[in-house]
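One line per chain: the protein sequences are A and B, in this order.
Here the first sequence stands for residues 211 to 542, numbered as in the numbering used here.
Here the second sequence stands for residues 211 to 542, numbered as in the numbering used here.
Please note that a few of the clues may not be correct.
Same chains, same names: a pair is fine if it fits in one copy or spans any two.
With a Cα cut of at most 30 Å, we get these calculated BS3-like pairs of lysine-lysine [claimed, not checked]: (1) Lys447 with Lys216; (2) Lys402 with Lys447; (3) Lys402 with Lys216; (4) Lys418 with Lys216; (5) Lys402 with Lys328; (6) Lys216 with Lys328; (7) Lys418 with Lys402; (8) Lys418 with Lys328.
If you're looking for bench data, these hints aren't it; they were derived computationally from the structure.
Bear in mind that the values here come from a model prediction, so they are computed numbers and not experimental data.
2 protein chains.
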Amino acid sequence: MPELRKDPLNDRWVIIAPERADRPNSFLRARADTDVANCPFCPGNEALTTSELYAVRPANSPINSPGWTLRAIPNRYPALRTEIPISRTADGLYDRMGGTGAHEVIIETPEHNGGLAKMDAPQIAQVLRAWQVRMLDLSRDERLAYAQIFQNVGTPAGATLAHPHSQLIALPLVPREIAQELTAARAHFGAKSRCLLCDLVAQELTAKERLVHENESWVALAPFASQSPFEVHLHPKTHRPSFEKLDGSELGALAACLRTVLRKLAIALEGPAMNLVLMTLPLREPAHPFYHLRIVLKPTLTQPGGFEWGTGFCINPTSPEDAARFLRQTEA
Amino acid sequence: MPELRKDPLNDRWVIIAPERADRPNSFLRARADTDVANCPFCPGNEALTTSELYAVRPANSPINSPGWTLRAIPNRYPALRTEIPISRTADGLYDRMGGTGAHEVIIETPEHNGGLAKMDAPQIAQVLRAWQVRMLDLSRDERLAYAQIFQNVGTPAGATLAHPHSQLIALPLVPREIAQELTAARAHFGAKSRCLLCDLVAQELTAKERLVHENESWVALAPFASQSPFEVHLHPKTHRPSFEKLDGSELGALAACLRTVLRKLAIALEGPAMNLVLMTLPLREPAHPFYHLRIVLKPTLTQPGGFEWGTGFCINPTSPEDAARFLRQTEA
Numbered sequence: 211m212p213e214l215r216k217d218p219l220n221d222r223w224v225i226i227a228p229e230r231a232d233r234p235n236s237f238l239r240a241r242a243d244t245d246v247a248n249c250p251f252c253p254g255n256e257a258l259t260t261s262e263l264y265a266v267r268p269a270n271s272p273i274n275s276p277g278w279t280l281r282a283i284p285n286r287y288p289a290l291r292t293e294i295p296i297s298r299t300a301d302g303l304y305d306r307m308g309g310t311g312a313h314e315v316i317i318e319t320p321e322h323n324g325g326l327a328k329m330d331a332p333q334i335a336q337v338l339r340a341w342q343v344r345m346l347d348l349s350r351d352e353r354l355a356y357a358q359i360f361q362n363v364g365t366p367a368g369a370t371l372a373h374p375h376s377q378l379i380a381l382p383l384v385p386r387e388i389a390q391e392l393t394a395a396r397a398h399f400g401a402k403s404r405c406l407l408c409d410l411v412a413q414e415l416t417a418k419e420r421l422v423h424e425n426e427s428w429v430a431l432a433p434f435a436s437q438s439p440f441e442v443h444l445h446p447k448t449h450r451p452s453f454e455k456l457d458g459s460e461l462g463a464l465a466a467c468l469r470t471v472l473r474k475l476a477i478a479l480e481g482p483a484m485n486l487v488l489m490t491l492p493l494r495e496p497a498h499p500f501y502h503l504r505i506v507l508k509p510t511l512t513q514p515g516g517f518e519w520g521t522g523f524c525i526n527p528t529s530p531e532d533a534a535r536f537l538r539q540t541e542a
Numbered sequence: 211m212p213e214l215r216k217d218p219l220n221d222r223w224v225i226i227a228p229e230r231a232d233r234p235n236s237f238l239r240a241r242a243d244t245d246v247a248n249c250p251f252c253p254g255n256e257a258l259t260t261s262e263l264y265a266v267r268p269a270n271s272p273i274n275s276p277g278w279t280l281r282a283i284p285n286r287y288p289a290l291r292t293e294i295p296i297s298r299t300a301d302g303l304y305d306r307m308g309g310t311g312a313h314e315v316i317i318e319t320p321e322h323n324g325g326l327a328k329m330d331a332p333q334i335a336q337v338l339r340a341w342q343v344r345m346l347d348l349s350r351d352e353r354l355a356y357a358q359i360f361q362n363v364g365t366p367a368g369a370t371l372a373h374p375h376s377q378l379i380a381l382p383l384v385p386r387e388i389a390q391e392l393t394a395a396r397a398h399f400g401a402k403s404r405c406l407l408c409d410l411v412a413q414e415l416t417a418k419e420r421l422v423h424e425n426e427s428w429v430a431l432a433p434f435a436s437q438s439p440f441e442v443h444l445h446p447k448t449h450r451p452s453f454e455k456l457d458g459s460e461l462g463a464l465a466a467c468l469r470t471v472l473r474k475l476a477i478a479l480e481g482p483a484m485n486l487v488l489m490t491l492p493l494r495e496p497a498h499p500f501y502h503l504r505i506v507l508k509p510t511l512t513q514p515g516g517f518e519w520g521t522g523f524c525i526n527p528t529s530p531e532d533a534a535r536f537l538r539q540t541e542a
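One chain only, chain A, in its complex shape (with noise of 0.2 Å):
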C-alpha cells in the first residue's frame, strides 16, 4: 500500500509506493516503449487499461471501446489510491499518512506518435478540458487538497511509456512548492496588495526581452531564474487563480499559446524530452487576489547532479534571455 513520509529536516513528503516498482521499465535503464501494438494506450487494446473515467467519444459509443479522440483512466500503478482512508501517525520523529489521494492518467490522442506539439488548438484545447473535468470531478472529494498535472515526454524526462499521455495526482495536503510560492506571494500582496505573478507579468510585458510569444490573453516567458535551458512558462494576462475555473474561449487562447511555444520549442531543440507541469490553487479554493495559475515547460536538457540535489540551486548554462531571443526567431 503506498504511504506518504515526511522527512524531519524539510517539509518534504517522499510518496513511497512500492506497487509502482511493478511497472515494467521501472528503472531508468529502460528505454519508453515504442511497440505500437503492445501498447495499451493504443485504440483497439483498451482491455488493457483500467476503466475509464472520462472520455470524447461519438455519442452512444461504448464505454472501453475503441472510437474515442481521448481517454481519462486510473494508473494501473497507483502512487496514490482513493480507497486507502486518510491516516496520520507518528513513529518517534517522524510523520506518517496512508496514501490517500488519486493517480490519473489522460491518454491525449489515439496517434501512438502524436502530441500535444502535433495537434490543431483544438485538440489541445480538448485535453486542457479533459484536465479540468477530471479536476472538478476529483475536487468533490474533501480529502483532496492538490490537483497535480503534469506530462512527462521522452524517457530522460521520466516517461515509461511513449503514447502521448498526461497524469494527474491529486494529493492529501498542499505540496511544498505549491506552498512555499503560496507564502511568498501572500507577502507581496500584504505589502504591496498587488498579485505577485501580475507584477511579474506586468514587468516582463514592458521589459520584453524574456518574452517568448503572446496572444490576446496568454503570455508565454522565459522566467528570470530558469532552473533549466529553455524553460518556458505560461501565464494569463489577467488573473486568473485556478485552472479549472478557466471558460471555454480562455481555454481556447491557452490551447493556441501552447501550440505555438511547443512547436518552437521542437523545431529549436529537435523535439526534446521534456516536462509540462501546470502549477495552479488547491483545490477548492477561493479566487485569492494574490496568486495565479501558469503552466510551466522544462524541456529536459541537463540532468540534476549533486550540487542541485544538495542545495536545492540549479545552474543553467542557458540564459533565459538567449533562449527567449531564439525562441521568438524560430518561425512555429
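Let chain A serve as the given structure and place chain B on it in line with the hints.
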C-alpha cells in the same frame, strides 16, 4: 560572466553560467567521455587542466607533473568565480548577485577506470582529506558562505567526464536546502535541547530496520523518507557538526564505512550512476549543538519528472526498509 538570480516565488537561487555551455558534452544526449588518451584528468595530460591548487604527490616533484595520486584544480568551466566581486542588485521584482564563488575539481585517482568504490579505505580517506583542505582554504574568503562538495558518477547522474572526480562549489550564500535543514534543526533544539540528527540516529540504531552498515563511529542508514530507491545516508554516531573539523581517525573510520557502503551499492545495483552529496555546516560557523554533518548517496535509478518538479515531492518505488535489508545482505 556567471550570475546568481533569485526566483521571487520561492527561495531558490539559480546560477546562470553561460560559460558552462562551452563544455564538451554539456547537453544530455552526449555520453560521459571515456577516451583515456584525451582525458584531461589522466596522468601525463596535466597540461590540459588548470594549474593545481593542491595535490598528493612525491616530495619535490614539480607542480602539474605526473606522479600524483590526487589533484585539486579550478574547474575549467566554472559555475562561479572568485574574481567576481560581491554585488547585489534589484531588477524590479527580481534579485541578482554577481557570480562570486569558487568551482573546483578534485581528481580522486590517476586511474581512469577507478573510483571510490574500487579504492581501499586509506585512499578514500585521502579524498576526504582533500575535501577538508580545499574547504579550509576557501573558508578564509569571508565572502563565501557555504562549500558544497559533491560527486556525479555516470551520465545519468550528471557527469560529463568519466575519470573519477568530485567537485566543490563555494557559494556566497547558504543554499535553500541547508537553510531549511538548519531552521528545522534549530526549532527541534529549541523545543527539546537535543540535536535533531542525533535523535534520528538514536531512533534508527534502535529500530534497526533501515540500518545498512555501521562501524565504531559511523552509521549508514536508508532514510525513513528516502527520495529515491537505495538512497543511503552516512551519519556520525556522536555529534560532529562540521566536516572540515573531523580529525584523522574520524576520517579514517568514515572512509571505511563509505567504502563498505559503496561496494554494497556497486554489487547490489551493478555499478549504478550515483550522486554523492556532503551536507555540513556553513563555512566558519561555530560547532552548533543542533545540527551535524552527513554524507548522502543517491543512486540514479529513477528520473525526476513533472510531478517532482511541480510539487517538490518524490515518488519512490522502493521502501527504505526493503533497500536496507537488501544492502545488509549484500556482502562487500
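Hint-by-hint comparison with the structure:
Only between protomers do Lys447 and Lys216 lie at most 30 Å apart by alpha-carbon distance; the minimum there is 23 Å, versus 37 Å within a single protomer. With identical chains, the CA atoms of Lys402 and Lys447 are at most 30 Å apart within one copy only, with a shortest distance of 19 Å there and 49 Å across copies. For a Cα distance limit of 30 Å, the shortest separation of Lys402 from Lys216 across copies, 20 Å, qualifies, whereas the shortest one inside one copy, 34 Å, does not. Taking CA atoms no more than 30 Å apart as the test, Lys418 paired with Lys216 passes between copies only; the shortest distance there is 19 Å, against 41 Å inside one copy.
Taking CA atoms no more than 30 Å apart as the test, Lys402 paired with Lys328 passes in neither setting, with 42 Å inside one copy and 58 Å between copies. Within a single copy, Lys216 and Lys328 get their C-alpha atoms no closer than 40 Å, and across copies no closer than 34 Å, so neither meets the 30 Å cut-off. Only within a single protomer do Lys418 and Lys402 lie at most 30 Å apart by alpha-carbon distance; the minimum there is 24 Å, versus 52 Å between protomers. Within a single copy, Lys418 and Lys328 get their C-alpha atoms as close as 28 Å, which meets the 30 Å cut-off; across copies the closest is 53 Å, which misses it.
Violated hints for the displayed structure, listed by number in ascending order: 5, 6.
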